[in-house]
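Just so you know, the protein sequences line up as chains A and B, in that order. The working numbering puts the first sequence at residues 1 to 370. The working numbering puts the second sequence at residues 1001 to 1241.
Keep in mind the hints are simulated off the structure, nothing from the lab. Some hints here could point you the wrong way.
Said to hold, decoys possible - Selected chain A positions facing chain B (in silico; Cβ < 7 Å): (1) S161; (2) N165; (3) R200; (4) A201; (5) D204; (6) D205; (7) V207; (8) A208; (9) G213.
Said to hold, decoys possible - Computed list of chain B residues with no C-beta within reach of chain A, every gap over 12 Å: (10) E1008; (11) A1016; (12) G1052; (13) A1058; (14) V1077; (15) V1081; (16) G1089; (17) G1092; (18) E1098; (19) H1202.
None of these values were measured; they are calculated from a predicted model. Built from N, CA and C at the ideal position, the CB exists for glycine as well.
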Amino acid sequence: MALLRSTLVRHLVLLALGALALVLLTGSLSTFHNYELAGLGAYVCTAAGLTVLTGLNGQISLGHAALMAIGGYTVALLQIRFSDRAITGLWVLPLSLLAGAAVTGVAAAVVGVAAARLRGPYLAGVTLALGVALPALTSRFTSVFKGDQGLSVPFDPPPASLGANFAVERWQAWISLGAALIVLFFLANLNRSAIGRHFRAVRDDEVAAQLSGLSVPRVQILAFTVSGVAAGLGGGVFAVSLQTASPGSFDLTLSLALLSAVVIGGLGSLAGAVWGSIIVVYLGIVLRGFVDDLGLSAASAQKLHDNLPNAAFGLLLVLVMLILPGGIQGLLRRLAGVAPVDRLRRGRPEPFAAAIAQHSSSPPPSGGQQ
Amino acid sequence: MTELLEVEGLCAGYGAAPVLHDVDLRLAPGTITAVLGANGAGKTTLLRTLSGLLRPSAGRIDLTGRDLIGLPVERRVMLGVAHVPEGRGVIGELTVQENLRLGGLWRKGAGARRETDAAIAEVYDLFEPLARRRGYHGHQLSGGERQMLALGRALVARPKFLLLDEPSLGLAPVVAASIMALLRTLRDASGMAVLLVEQNVHSALAIADEGVVVSLGRVVARGKAADLQADEGLRHAYLGF
Chain A
1 MALLRSTLVR
11 HLVLLALGAL
21 ALVLLTGSLS
31 TFHNYELAGL
41 GAYVCTAAGL
51 TVLTGLNGQI
61 SLGHAALMAI
71 GGYTVALLQI
81 RFSDRAITGL
91 WVLPLSLLAG
101 AAVTGVAAAV
111 VGVAAARLRG
121 PYLAGVTLAL
131 GVALPALTSR
141 FTSVFKGDQG
151 LSVPFDPPPA
161 SLGANFAVER
171 WQAWISLGAA
181 LIVLFFLANL
191 NRSAIGRHFR
201 AVRDDEVAAQ
211 LSGLSVPRVQ
221 ILAFTVSGVA
231 AGLGGGVFAV
241 SLQTASPGSF
251 DLTLSLALLS
261 AVVIGGLGSL
271 AGAVWGSIIV
281 VYLGIVLRGF
291 VDDLGLSAAS
301 AQKLHDNLPN
311 AAFGLLLVLV
321 MLILPGGIQG
331 LLRRLAGVAP
341 VDRLRRGRPE
351 PFAAAIAQHS
361 SSPPPSGGQQ
Chain B
1001 MTELLEVEGL
1011 CAGYGAAPVL
1021 HDVDLRLAPG
1031 TITAVLGANG
1041 AGKTTLLRTL
1051 SGLLRPSAGR
1061 IDLTGRDLIG
1071 LPVERRVMLG
1081 VAHVPEGRGV
1091 IGELTVQENL
1101 RLGGLWRKGA
1111 GARRETDAAI
1121 AEVYDLFEPL
1131 ARRRGYHGHQ
1141 LSGGERQMLA
1151 LGRALVARPK
1161 FLLLDEPSLG
1171 LAPVVAASIM
1181 ALLRTLRDAS
1191 GMAVLLVEQN
1201 VHSALAIADE
1211 GVVVSLGRVV
1221 ARGKAADLQA
1231 DEGLRHAYLG
1241 F
C-alpha cells in the first residue's frame, strides 16, 4: 500500500489497468464500434491537453482543431514518405506520431508567445482566428496538402502476431486509445508535479505567482506547448483513424466540440476530459442516427448533420454551466462525497515539533476571524 | 551604516498618469521603515515599483549595489526582494504547503529543496495555525491565516528586503497586533530591511525604526519613527491625528 502512495506508481497501475480494459473492450466490440473508439481516443488526447491549458492554466483556446491539423498533416506527410519508400515496421507509425506531436508542440509554443501577451476575449479571438485560418492554408498550398481533398494516411496493417483476423479498426482503436492513455498518464503526472502547481498559481493570481519568482509568460508558453503536444498527438491519431487528413476534419466545429467536452466533463479535470469526450463523440453519433431516421431529403439531412450536433453541444454547455458548474466530474465527486480538498487533507503529517530558537520568543499569532 | 537599498529620483505611474515624483529612499539592513500617507498618496505604487510589478519612468533602485531597474520581478525575487501585496495574493487552489513551496522557487541546484524545506519548517514554527492547516487550500483559510500564509511565503524566500502592503487590512486587532510584533522579531533575527505600508499609523510607527511620509507621490517628511509621531504639525497635516 505504501508503494501505491507514490503518484507515479499509482498512475502506472492505472495506465496498466487502462491498457487491459482497452484490450478487453476492443475485443468485445464490432469493427464499427472500434472505429468509433478510435475517434474517441483522438478527442480524449486533445481534450486532456485543452483542459490543462484552459482549466489549469486559465488560457482559453478556440482553435485547438488547428493544432490537431498540424499533427494530422505532419503524420500524413511522413506516412506517405515512408510508404513511397516502402519503409515498414512497427516503429514507423509511432515515429510519425511523435514527430506530429513535436511539430505541433513547436507551433503551439509560437502561438503561446503571442497568447502570453493576451488575456480573455483577445486571446479567444486570436485562437479563433488560428482555428479558421490554419485549415484554410491547405487550400493555398494544394501541391503539398491537396486542398479540400486532403492527404491519405497509409499505415501498416496490424502485426501478424495479433492474428490474421485482427481487424484494422481494432488496430486503429488500439493506436488511438493507447495514445490517449499515454497522454493522460503524462498529464496526470505533470499536474501533480511542480509544473502543475505553477500552472495553477498563474491561473489563480498572476501577481502572486510573479512575486513568488515565477515567470508568468514562460509558464503560459509551457502550458500552450504541453497542450499543443497533446493536440498534435490527438490530430495524428485522428488522421490515422480517418485514414485521411483534410481541412474538413479539423474545422472550427471540432474546436468548439473540444471546448464543450472539457466544460461538460469538468474544466481542469483529466477524468472530466474523458467524460466530456465520450459525451461529445457519442452524442454526435446518436444525433446523426436520429437525423437519418427522420427520412429527410439528402440536402436537409446534410444540413441537420452539420448543425444539430453544434446546437446540442451549445445547449448542453449552457445547461452544465447553470446546473453543474463543476461538470460531470464535479457531480461524480459530489455523489461520492469526496471533495478534492478532503483527499488532500488526509494523511498529512502533524506540525513539526521543533521550534526555531531565535523565533520562539515571539508570541505566535492566533487564527484570524473566519 | 551601509545601505541595503538606495532609491534616487524614482518616478512611476500608470500610463499617462504619473503617481510617484522624484522619490528618494534609503533603507539600512535590520530596520523597519513605515511608509505613511493618505489614500492615493502613492504608497502602494512605490512598493509595486520597487518589486518590479510597475516599470518606473525615471530613477535608480540599487539593492546592495545592484541596479534593479529593468529587471523582471522574478529576477528581483532571486536577488532577495519579497513583496506581500495588498489583498495578500494567496493562491486559493493550492494548499498551504504548496503556497509556501512557491516561496522557494527561485532556489536552483543541489540543496535547493532542502533549503526550502528548512525555511518552510521555520515558517510553520512561526505560524502555528498554518502548520495545522498545511493540507488546506488557500481559499479555505481565514483572513488572518491568509495573511500569515502570504507573509510566510515571502519568508520562505529568506529575503533581504521585504515589502509589506497593508498587512493588518481586514484583520481582527489581536491578529494584526501579533503580526506587527512578529515583524520586529523577524527584523532582529534575520537582519532584513522591511518597508511597511500601513493605514494604521500608530501601530506602524510603534514597530518602525524610520518613517517616510508620502503625499501626492512625493516624500514630504522622513525621520525616526518616534520623531514623526511626536511632530504635531506633521501629524495634523498628513497623518490625520
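Against the structure, the hints:
| no. | hint | verdict |
| --- | --- | --- |
| 1 | S161 | violated, 46 Å |
| 2 | N165 | violated, 50 Å |
| 3 | R200 | holds, 5 Å |
| 4 | A201 | holds, 5 Å |
| 5 | D204 | holds, 5 Å |
| 6 | D205 | holds, 5 Å |
| 7 | V207 | holds, 6 Å |
| 8 | A208 | holds, 3 Å |
| 9 | G213 | holds, 4 Å |
| 10 | E1008 | holds, 24 Å |
| 11 | A1016 | holds, 21 Å |
| 12 | G1052 | violated, 8 Å |
| 13 | A1058 | holds, 23 Å |
| 14 | V1077 | violated, 4 Å |
| 15 | V1081 | violated, 9 Å |
| 16 | G1089 | violated, 3 Å |
| 17 | G1092 | violated, 6 Å |
| 18 | E1098 | violated, 5 Å |
| 19 | H1202 | holds, 19 Å |
Going through the hint list in order, the structure does not satisfy hints 1, 2, 12, 14, 15, 16, 17, 18.
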